[in-house]
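Peer 1: Taken in order, these protein sequences are the chains called A and B. Take the first sequence: its position 54, counting from 1, is numbered 54 in the working numbering, and each next residue is one higher. Take the second sequence: its position 109, counting from 1, is numbered 109 in the working numbering, and each next residue is one higher.
Bear in mind the hints are in silico, worked out from the structure with no lab data behind them. Heads up, the beta-carbon is just placed ideally off N, CA and C, and yes, glycines get one too. Honestly, I wouldn't trust all of these hints.
Claimed, not checked - Between beta-carbon pairs, the in silico distance windows are:
#1 B:V12 with A:E15: 37 to 43 Å
#2 B:R41 with A:G97: 32 to 38 Å
#3 A:Q70 with B:K68: 33 to 39 Å
#4 B:S66 with A:S82: 23 to 29 Å
#5 B:R41 with A:K42: 36 to 42 Å
Stated by the list, open to error - Okay, derived cross-link-like pairs now, DSBU-like style, lysine-lysine, Cα gap no bigger than 35 Å in a straight line:
#6 A:K104 with B:K24
#7 A:K56 with A:K67
#8 A:K42 with B:K24
#9 A:K42 with A:K56
#10 B:K24 with B:K78
#11 A:K67 with B:K78
#12 B:K78 with B:K68
#13 A:K42 with B:K68
#14 B:K68 with B:K24
#15 A:K104 with A:K67
#16 A:K104 with B:K78
#17 B:K78 with A:K56
#18 A:K104 with B:K68
#19 A:K42 with A:K104
#20 A:K104 with A:K56
Given next are the chains, with one letter for each unit.
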Amino acid sequence: QKEVEQNSGPLSVPEGAIASLNCTYSDRGSQSFFWYRQYSGKSPELIMSIYSNGDKEDGRFTAQLNKASQYVSLLIRDSQPSDSATYLCAVHRWDSGYALNFGKGTSLLVTP
Amino acid sequence: DAGVIQSPRHEVTEMGQEVTLRCKPISGHDYLFWYRQTMMRGLELLIYFNNNVPIDDSGMPEDRFSAKMPNASFSTLKIQPSEPRDSAVYFCASSLRTHYSYEQYFGPGTRLTVT
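Could you put together the complete structure from these sequences and hints?
Peer 2: Take a look at the structure:
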């Protein structure tokens, strides 16, 4: 079983700070990477996708990918209490059909 | 634009009963996925379809679980007979295959409780 690992948290950051969420994966053939946000009692919501090494920015969110080191991270700038949620990392390998392999998620708590 | 629709949102049933969960994917999407989420195991892929055809059902836990997709706008996940360990949130997700994208969009889920 190819693993996607995330620290379960909770990761607590003060409002306005940068939240840094990390994800490591074991399958070197992985090529597509996704971050989902899941509020308590709700469904996962896609917030970022990244396919190439480097950074990808979208508003307050930045995804960072380093395939050599097999990690992907999500930075949330100017964190708000509304960002408090569980963040799921998902990984896809091109020859594994269309399935995504999800980590168990990191719980983020942004305190006012 | 309507997202993925699932019904029912909550289901409480007794052990041994048949349970049917329903899903309507986003219009035009050609992939449909069924997931199960528990605190212990996280989000697990059960089965997925492409153009109404089951592609990978290796995640289906046992023969008590079955899934069908009779047309592009409807899928069911059936558990018969249900057991308490089947209690979980079941999500349906859909996706549109493009050259580069494997993004999946989730429905609101069905919370199943088997007593």
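Peer 1: Does A:K42 pair with A:K56 here, judged by a C-alpha cut-off of 35 Å?
Peer 2: 26 Å, holds
Peer 1: Taken at face value, is the distance from the CA of B:K68 to the CA of A:K104 at most 35 Å?
Peer 2: 27 Å, holds
Peer 1: Measure nothing beyond the straight line between the CA atoms of B:K78 and B:K68; if it is 35 Å or shorter, mark the hint as holding.
Peer 2: 9 Å, holds
Peer 1: Compare the distance between the alpha carbons of B:K68 and B:K24 with 35 Å, and conclude whether the hinted pair is satisfied.
Peer 2: Satisfied, since the Cα-Cα distance of roughly 12 Å is no more than 35 Å.
Peer 1: Measuring from beta carbon to beta carbon, are B:S66 and A:S82 in 23 to 29 Å?
Peer 2: Since the Cβ atoms of B:S66 and A:S82 sit about 40 Å apart, the hinted range of 23 to 29 Å is violated.
Peer 1: Regarding the pair A:K67 and B:K78, is the alpha-carbon distance no greater than 35 Å?
Peer 2: Violated - the C-alpha atoms of B:K78 and A:K67 are around 39 Å apart, more than 35 Å.
Peer 1: Has the given pair, B:K24 with B:K78, been kept, meaning a C-alpha gap of at most 35 Å?
Peer 2: Holds: B:K24 and B:K78 sit about 15 Å apart, inside 35 Å.
Peer 1: Run the distance test for A:K104 versus B:K24: straight-line Cα separation, threshold 35 Å.
Peer 2: Holds: A:K104 and B:K24 sit about 26 Å apart, inside 35 Å.
Peer 1: With the threshold set at 35 Å, check whether the alpha-carbon distance from A:K56 to A:K67 stays at or below it.
Peer 2: At roughly 14 Å apart (the allowed maximum being 35 Å), A:K67 and A:K56 satisfy the hint.
Peer 1: Has the given pair, A:K42 with A:K104, been kept, meaning a C-alpha gap of at most 35 Å?
Peer 2: 15 Å, holds
Peer 1: Sort out whether B:K68 lies within 35 Å of A:K42, counting only the CA atoms.
Peer 2: 25 Å, holds
Peer 1: Is the hinted range of 33 to 39 Å satisfied by the C-beta distance from A:Q70 to B:K68?
Peer 2: 38 Å, holds
Violated hints, in rising order: 2, 4, 5, 11, 17; the structure is consistent with all others.
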